[in-house]
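Asker: Required output: the full structure, derived from the provided sequences and hints.
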Amino acid sequence: MIKTITDDLAIVLAGEAGQGLQSIESILAQLLKVSGYNFFSASEFMSRVRGGANSTEIRVSAKRAAGFLDRIDILIPLHKESIAHLKKRITPETIVIGEEDKIGYPGMIDIQFTRMATELGGAVYANTVAAGFICGLLKIAEQECANFILEYFSRKSEEIRSRNLAAIKKGYAAGKGLSGIHISMGKNAAVKTDLLLSGSDAISLGALAGGCDYVCGYPMSPSTGVLEKMASYAKKFAIVVEQVEDEIGVVNMALGAWYAGARALVTTSGGGFALMCEGISLCGMIESPLVLHLAQRPGPATGLPTRTEQGDLDMVLHAGHGDFPRIILAPGTLAEGFALTQMAFNLSAKYQVPVFILTDQFFVDSRTNTPAFNAGDFKVEKHIVKTEKDYKRFSLTDNGISPRGIPGYGSGNVCVDSDEHDEDGRITEDLDLRVRMVDKRLKKFAAIGPAIIPPRLVGDGNFRTLVVCWGSTFNTVCEAVAALGEKDIAVLHFSWLFPFPDQAGAYLRKAANRIIVENNSSAQLARLIRQATGVAIERQVLKYNGLPFAVEEVQREIRKFI
Amino acid sequence: MIKTITDDLAIVLAGEAGQGLQSIESILAQLLKVSGYNFFSASEFMSRVRGGANSTEIRVSAKRAAGFLDRIDILIPLHKESIAHLKKRITPETIVIGEEDKIGYPGMIDIQFTRMATELGGAVYANTVAAGFICGLLKIAEQECANFILEYFSRKSEEIRSRNLAAIKKGYAAGKGLSGIHISMGKNAAVKTDLLLSGSDAISLGALAGGCDYVCGYPMSPSTGVLEKMASYAKKFAIVVEQVEDEIGVVNMALGAWYAGARALVTTSGGGFALMCEGISLCGMIESPLVLHLAQRPGPATGLPTRTEQGDLDMVLHAGHGDFPRIILAPGTLAEGFALTQMAFNLSAKYQVPVFILTDQFFVDSRTNTPAFNAGDFKVEKHIVKTEKDYKRFSLTDNGISPRGIPGYGSGNVCVDSDEHDEDGRITEDLDLRVRMVDKRLKKFAAIGPAIIPPRLVGDGNFRTLVVCWGSTFNTVCEAVAALGEKDIAVLHFSWLFPFPDQAGAYLRKAANRIIVENNSSAQLARLIRQATGVAIERQVLKYNGLPFAVEEVQREIRKFI
Amino acid sequence: MENIFDFKDKIDIAWCPGCGNHAIRQALLAALEELHLGREKVVLVSGIGQAAKMPHYIRTSFFNGLHGRGLPAATAIKACNPELTVIAVGGDGDMYGEGGNHFLHASRRNPDITLFVHDNMVYGLTKGQAAPTSRPGMETPVQVFGVFEKPLNPMALAISLDVPFVARVFCGDVGQTKEVMKKAMAHKGFALVDIFQPCLSFNKVNTFKWFKDNTAYLPDDHDPSDRAGAFKKSLEEEPFPLGILYESDRRSTFEENLEVYKKDRSPLYQREVDMKMVEAEIMAKR
Amino acid sequence: MENIFDFKDKIDIAWCPGCGNHAIRQALLAALEELHLGREKVVLVSGIGQAAKMPHYIRTSFFNGLHGRGLPAATAIKACNPELTVIAVGGDGDMYGEGGNHFLHASRRNPDITLFVHDNMVYGLTKGQAAPTSRPGMETPVQVFGVFEKPLNPMALAISLDVPFVARVFCGDVGQTKEVMKKAMAHKGFALVDIFQPCLSFNKVNTFKWFKDNTAYLPDDHDPSDRAGAFKKSLEEEPFPLGILYESDRRSTFEENLEVYKKDRSPLYQREVDMKMVEAEIMAKR
Ligand SMILES: Cc1ncc(C[n+]2csc(CCOP(=O)(O)OP(=O)(O)O)c2C)c(N)n1
Ligand SMILES: Cc1ncc(C[n+]2csc(CCOP(=O)(O)OP(=O)(O)O)c2C)c(N)n1
Ligand code: SF4
Ligand code: SF4
Ligand SMILES: [Mg+2]
Ligand SMILES: [Mg+2]
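Protein sequences, first through last, are from chains A, B, C and D. Counted from 1, the first sequence has number 344 at position 344 by the working numbering; the numbering is strictly sequential. Counted from 1, the second sequence has number 465 at position 465 by the working numbering; the numbering is strictly sequential. Counted from 1, the third sequence has number 159 at position 159 by the working numbering; the numbering is strictly sequential. Counted from 1, the fourth sequence has number 149 at position 149 by the working numbering; the numbering is strictly sequential.
Possibly wrong hints are sitting among the right ones.
[Unchecked claim] Pairs of lysine-lysine residues, derived as DSS-like cross-links and limited to a Cα-Cα distance of at most 30 Å, are as follows: (1) D:Lys-150 with C:Lys-41; (2) C:Lys-232 with C:Lys-182; (3) B:Lys-236 with D:Lys-262; (4) D:Lys-188 with C:Lys-232; (5) D:Lys-262 with A:Lys-236; (6) B:Lys-386 with C:Lys-262; (7) B:Lys-379 with B:Lys-350; (8) A:Lys-382 with D:Lys-183; (9) B:Lys-350 with B:Lys-236; (10) D:Lys-8 with A:Lys-382; (11) B:Lys-87 with D:Lys-232; (12) B:Lys-487 with B:Lys-443; (13) A:Lys-88 with A:Lys-3; (14) C:Lys-263 with B:Lys-235; (15) D:Lys-127 with D:Lys-188; (16) B:Lys-235 with D:Lys-150; (17) B:Lys-236 with C:Lys-188; (18) C:Lys-285 with B:Lys-382; (19) A:Lys-192 with D:Lys-276; (20) C:Lys-204 with C:Lys-150; (21) A:Lys-382 with D:Lys-262; (22) C:Lys-232 with C:Lys-262; (23) C:Lys-204 with A:Lys-156; (24) A:Lys-63 with A:Lys-87; (25) C:Lys-150 with D:Lys-285; (26) B:Lys-379 with C:Lys-183; (27) C:Lys-150 with D:Lys-232; (28) A:Lys-386 with D:Lys-212.
Everything labelled a hint here was simulated from the structure, so no lab data went into it.
Answerer: So, in structure tokens, the structure goes:
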């Protein structure tokens with residue numbers, strides 16, 4: 001029986017940590033894109049450096065598709081445990097390809113990646129063989145593959161280069177020659193000029209375009225990617241990148257940096273953020289800008305360090321003692337990841353409030369192609385003033401925003417204080433002034449109002465059923481809803497969470513049937529919605545096993561409610 | 001003109017830090033109570049050790065009354081700045097008594113406390129003279145005063161004792177002899193057997209009765225009182241009291257202590273708590289008990305360190321990353337302060353969740369008489385088991401609660417892990433087990449259900465207007481509402497905030513007119529109510545200048561809404 | 001005979017094959033056995049990191065808490081039940097980075113606990129960033145220009161804090177590692193053993209060979225009771241001295257200082273509050 | 001001539017009359033003036049405590065942040081604008097207690113900032129609990145059985161960390177305090193001055209007289225460049241040595257190590273990102 005795949009192929013690579021799933025993914029990402037295929041990949045892995053059971057989904061499609069699929073069309077297991085690890089996703093439709101003697105899956109197609117590699121000089125080339133095999137299956141131009149491999153290994157020795165070249169060719173031949181699978185997928189030349197980005201890339205490029213010149217952090221999965229990306233830009237873009245002793249130091253250092261005129265980014269995860277709460281409150285009090293990227297993972301505590309969840313919204317909404325304004329963003333796409341991060345710097349500088357960007361492991365570690373965006377469309381807004389002798393950092397203004405000076409720029413002094421203070425920033429016990437200062441800070445809610453990005457409605461404007469989601473689930477939910485093929489259904493996606501977009505109320509009230517989809521166990525956005533609008537969403541699709549939603553799963557769960 | 005006071009007298013002592021307002025208050029508290037008067041005091045002071053302008057209100061009444069009054073019947077300023085400091089509260093009705101040459105307030109009654117004291121051997125006795133003066137005014141039995149003073153200074157030298165005795169007498173004579181004020185207030189012998197407690201006392205005694213044997217903290221106003229009270233009990237009750245290097249150490253130490261079988265109390269304030277958020281999340285993950293007293297003060301950041309606010313509810317509701325259950329209590333009276341703290345230890349041990357007790361500076365630093373409570377009514381419930389060899393700390397049970405073992409007690413091992421874990425407490429990447437473990441933890445919400453204390457309705461059961469409040473404002477709000485003298489109004493007070501008491505919904509929906517009274521700037525309870533019930537409370541009486549609500553003020557503000 | 005602290009069945013250990021942590025585990029298993037400790041009386045306390053996974057691979061009670069926060073928990077556990085043998089274990093990032101303040105102040109308290117720090121000069125679990133003990137020049141994906149901060153010298157630091165047992169070993173020598181572990185556990189008071197441990201996967205500079213080439217056993221005439229002398233010795237680098245640098249019996253322990261054990265030595269969990277006394281305390285407020 | 005760092009009008013200083021902090025303020029005002037610094041180029045950074053109120057009483061820019069968290073902010077401020085003179089100031093609780101970890105790691109970074117710690121051996125602002133430097137036996141409302149933890153020795157600690165300027169003064173000697181302050185500020189790199197300061201209100205043990213009686217100036221022949229010798233000296237107590245215990249010029253500063261200043265010395269706030277370069281970086285992702 002020949003399996004024919006025409007427009008959407010889900011390949012899953014599985015193996016243990018250290019077997020190099022990532023390198024196969026990297027090679028394929030580039031090659032598929034230059035060949036005009038849409039590419040999407042997502043990885044799930046254990047918190048260990050060697051061993052265990054991990055997998056990477058690679059989705060190749062004719063049309064843009066960046067939702068995560070449950071379905072596995074082709075499984076390439078690199079170790080025996082892969083089968084048990086993925087048993088729930090393997091169906092009779094799944095074609096398993098690999099080393100039969102090692103994997104022992106009944107009915108699998110035997111391809112001896114390792115043996116082929118050994119013949120070429122070493123087992124280490126098995127990954128390249130496997131990548132070549134998939135290229136062959138997809139009938140990517142062989143020359144393209146060869147060129148790419150030489151480029152990819154260009155910094156390695158001649159020997160390594162030529163062996164990889166031989167490996168990709170050998171794999172290619174095996175893939176191309178395989179009967180039993182027929183892939184004929186439409187290509188799209190436009191894809192070639194797309195960007196190919198991970199979520200970490202999008203956030204990091206957004207930070208560059210936001211004028212970020214100081215990054216501090218403390219390593220913590222899944223936020224470390226952004227820290228390392230920014231470090232890789234450090235030289236070219238003159239960015240100070242500092243790994244601090246702990247997260248408390250991180251946030252206080254970032255506030256010091258903004259105070260001195262830098263545009264600092266913090267990147268962390270839930271546990272690290274929990275340690276910063278006092279610092280967030282300081283940010284609120286001294287009305288400092290601060291841009292903080294929080295890549296969520298399942299909690300509580302250490303939880304599942306390398307997995308995904310949307311469980312930190314509640315904490316971020318209320319982090320820090322006392323009342324003060326903040327902005328919370330949660331990009332749903334790479335383009336939003338870029339644009340919102342860029343904007344975050346300007347928003348933060350303008351309103352002098354902390355701006356949080358909530359992503360998660362699924363978002364930062366996934367990679368897909370996306371139409372190129374233009375940095376030229378974005379501007380760095382510094383919002384700082386040269387001070388005069390009598391400069392007052394906290395001058396009381398109509399909208400609550402005081403012109404922000406920087407020490408050393410101008411002749412004034414810039415004084416900020418974590419105690420309640422007067423316009424000059426000096427400690428006060430004047431309780432009437434205290435009230436004016438609280439009011440000043442809270443007034444910024446009104447000032448921010450016009451900047452708020454309303455939630456995005458995708459689908460039928462005359463919806464009866466509204467599927468509500470936020471952040472990283474955008475692509476998967478939209479794809480699932482589209483696949484339902486129902487007429488009166490739409491998705492409402494929030495990428496701006498707080499201050500809560502009032503526009504949401506009308507949409508929510510209009511819907512006869514409301515369903516929330518959240519990658520956490522308690523429907524945190526649903527609570528925020530009820531708090532802000534009074535609308536309760538009782539139909540909840542929640543997932544909290546550490547994995548992202550799959551398109552089929554969302555489809556199935558929503559179906560139950562319509 | 002003679003001013004006659006019959007049933008309620010508000011005396012305010014004012015002066016700078018270091019002038020000993022506290023010692024006058026202490027003497028009066030005892031003497032008034034033993035004389036059969038109801039006593040209430042509340043202090044407001046600046047964050048400094050010397051200087052500034054502080055005041056203490058002392059309320060003497062025939063009927064129990066522990067609301068804070070704006071009104072000042074008698075003002076005793078100990079320094080000139082007192083007048084400016086209290087100018088908003090001084091009215092033509094206010095009788096100002098003190099050293100005219102120093103204070104210079106027109107129409108004041110000149111009593112030369114300092115000169116009298118100096119004549120007796122030193123200005124230091126001026127406080128005792130002033131206390132004696134008030135006793136004289138109130139016509140407390142002179143012998144009672146004399147006896148008390150000897151007792152009060154019993155650990156001091158003979159000279160100091162006799163000089164204070166002379167001082168109290170001299171003051172007494174001056175007070176008794178004063179024409180112009182006639183005080184004839186009903187006494188009540190029952191008061192004599194009352195307890196006389198501050199909020200810190202009530203919390204600390206509750207902790208003793210809860211079986212607390214380990215206290216850790218880091219000094220921070222206004223929570224330090226409880227730390228110091230517990231230290232004063234350390235010897236008699238064999239309590240380990242440890243001042244830790246920082247608040248992160250505090251919470252992790254407390255979790256270690258519970259793990260090893262102790263019953264640990266943490267006491268802190270908002271900024272300290274903000275640093276503990278990661279530890280709170282750990283508590284959620286390892287299902288450890290933890291009792292944490294948070295005495296609130298105005299934020300954000302350092303804010304107004306010695307003043308009062310109810311601004312940390314939001315933070316406590318959502319502290320820590322990830323989802324896990326918690327219990328939040330907020331006593332409204334001293335009796336509740338005692339009982340809820342006692343209960344907190346049992347609740348925490350039983351459900352293995354963190355229990356937070358929210359007070360504030362007004363609550364902990366106020367003092368009043370209250371009917372004696374009986375420790376015999378309370379029992380320490382340990383909820384620990386002796387382990388067997390195959391003991392599993394996180395055994396999956398129907399209600400989510402696993403029997404809690406202690407290392408060294410029994411033959412099993414007790415293993416807890418901040419990562420997601422199996423029943424044995426060992427790290428796992430089994431994602432189905434992850435789901436069961438999340439469900440296990442969240443199931444406790446249901447288990448806790450029956451223990452929830454519904455909000456207390458005070459006033460007309462057939463209310464049309466419902467005044468909603470929480471925590472420390474209870475006495476003031478109830479008194480204000482009673483004073484309105486309206487028929488269809490009631491107070492709904494929450495001392496159990498979370499898990500949110502469902503019973504509240506019916507009360508709230510029944511009300512035609514809902515008013516919330518909160519000592520913060522954003523109506524945090526109102527938000528929680530809307531989130532939990534959908535009911536929005538738009539009529540808000542908020543105060544956030546660092547001072548507690550006054551009865552008259554609440555009355556005035558509520559009047560506007562009815 | 002089986003080691004009671006080891007598992008009967010093969011367990012899945014998440015460390016990389018060849019990682020120095022395996023040797024440390026062997027040494028610890030042997031040390032625990034040779035000290036004849038009861039399995040139910042030992043508590044391992046750790047934070048988060050590769051080293052901090054140790055408790056999962058030893059059969060004792062354990063408290064595997066937060067990154068950097070092992071010491072406060074360990075201190076409290078020992079304080080609440082001095083009958084327990086409490087061992088804290090963590091990585092160089094865990095104990096000297098995130099947890100640095102607790103190290104400082106645990107040293108001041110001097111609880112009778114033992115601290116093993118797996119010093120691989122790198123953040124292993126998070127895949128290769130610099131640790132406080134990383135050597136200058138080491139390039140990582142975060143330290144792209146090479147480490148330039150001065151590495152923490154845990155030996156000098158501990159001696160400055162008068163930690164009463166300060167030692168360093170290299171896990172390549174399992175025998176010495178075990179022996180020093182035993183001495184550290186036997187020592188009454190806070191005992192630090194900094195264990196040089198190669199991280200195969202992320203530290204390509206400080207390899208097994210590097211540690212071997214850059215360490216030297218303390219000379220026999222080293223006097224561990226001489227604090228100033230030990231300090232001077234602790235400043236030596238490449239080779240780094242191995243062995244017990246400093247040992248002192250002058251300090252009383254945290255638990256010894258706790259008033260609650262002055263008359264009654266029973267652990268806290270065995271005690272009951274006397275409600276009559278609470279009652280009396282309440283009534284004293286009349 | 002007026003001191004430009006002082007206020008023209010009388011200001012309300014919240015410290016108790018007679019508190020040692022007033023003398024420290026006088027010394028600091030004089031030191032700032034004598035160094036001829038520009039008022040707009042000086043930034044004081046502090047945490048919370050009595051000592052940490054200092055910035056409010058000096059006319060410079062300041063960042064009065066959180067208890068214990070002065071150093072990370074100060075480090076960043078200097079790193080973002082090396083033209084500024086950055087001085088961190090705090091109490092013994094602030095800097096050695098809550099902020100201990102930042103002290104450890106600021107020492108490793110070696111930013112060119114000066115740290116003044118007002119060491120009154122007590123928590124002043126919170127009314128008299130023990131500080132990390134409190135002497136054993138001191139009773140307080142929390143330490144009811146007396147302090148038994150070993151006091152932190154900031155001098156020994158700093159020397160163990162190779163802080164390149166380590167000094168102690170007593171504010172009773174305003175002259176020496178000022179002189180050492182000036183040297184500390186002039187020193188390129190992280191400079192610690194631990195300032196003995198009596199707290200009249202809450203430390204009844206370590207009074208002005210006690211400090212006077214229990215301190216001794218370093219002998220003229222003290223060699224501050226000898227680290228091991230300085231360490232040995234730093235262990236001396238009652239009398240505690242006063243003066244510059246240790247000074248070294250071997251370490252490069254944090255800012256010197258920052259790549260961003262290797263070609264361009266301008267502070268970060270003056271720079272602009274080149275959007276064309278960002279564009280190119282985006283396009284490189286094609
Ligand atoms: C608060 C917090 N920050 C960061 C992390 C992420 N994290 C886990 S282990 C680790 C460091 C590991 O290095 P080390 O302590 O040296 O242990 P090793 O893995 O090298 O044994 C970090 C940063 C965390 N778990 N918690
Ligand atoms: C996180 C946090 N914990 C506690 C406090 C309360 N607090 C304010 S100052 C202080 C200690 C003061 O002692 P020290 O630092 O020695 O300064 P001093 O007042 O003696 O000059 C404390 C504990 C705080 N502000 N923030
Ligand atoms: S990453 Fe390094 S420290 Fe961690 S297990 Fe592997 S070799 Fe060992
Ligand atoms: S309390 Fe002590 S340190 Fe604080 S101002 Fe008063 S004397 Fe100085
Ligand atoms: Mg390490
Ligand atoms: Mg101090």
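Asker: When you check the alpha-carbon spacing of Lys-386 of chain B and Lys-262 of chain C, does it fall within 30 Å?
Answerer: Holds, at roughly 26 Å.
Asker: Hinted pair, alpha-carbon criterion (30 Å max): Lys-88 of chain A, Lys-3 of chain A. Please report holds or violated.
Answerer: holds (21 Å)
Asker: Are the Cα atoms of Lys-487 of chain B and Lys-443 of chain B separated by 30 Å or less?
Answerer: Status violated; Cα separation ~42 Å.
Asker: Hint check: Lys-262 of chain D vs Lys-236 of chain A, CA-CA at most 30 Å. Holds or violated?
Answerer: It holds: about 12 Å lies between the C-alpha atoms, which stays within 30 Å.
Asker: Measure nothing beyond the straight line between the CA atoms of Lys-204 of chain C and Lys-156 of chain A; if it is 30 Å or shorter, mark the hint as holding.
Answerer: holds (18 Å)
Asker: When you check the alpha-carbon spacing of Lys-386 of chain A and Lys-212 of chain D, does it fall within 30 Å?
Answerer: Violated - the C-alpha atoms of Lys-212 of chain D and Lys-386 of chain A are around 47 Å apart, more than 30 Å.
Asker: Hey, Lys-150 of chain C versus Lys-232 of chain D, does the alpha-carbon distance stay inside 30 Å?
Answerer: holds (22 Å)
Asker: For the pair supplied as a hint, Lys-232 of chain C and Lys-262 of chain C, confirm whether the alpha-carbon distance does not exceed 30 Å.
Answerer: violated (38 Å)
Asker: Hint check: Lys-150 of chain C vs Lys-285 of chain D, CA-CA at most 30 Å. Holds or violated?
Answerer: violated (36 Å)
Asker: Given the hint that Lys-188 of chain D pairs with Lys-232 of chain C, test it: the Cα-Cα distance must not exceed 30 Å.
Answerer: It holds: about 25 Å lies between the C-alpha atoms, which stays within 30 Å.
Asker: Taking 30 Å as the top limit, are the C-alpha atoms of Lys-236 of chain B and Lys-188 of chain C close enough?
Answerer: Distance of about 28 Å is within 30 Å: holds.
Asker: Would the hint linking Lys-232 of chain C and Lys-182 of chain C be met if the CA-CA limit is 30 Å?
Answerer: Holds, because 25 Å separates the two Cα atoms, which is no more than 30 Å.
The structure fails to meet hints 3, 8, 10, 11, 12, 15, 22, 25, 26 and 28 from the earlier list, while all remaining hints are met.
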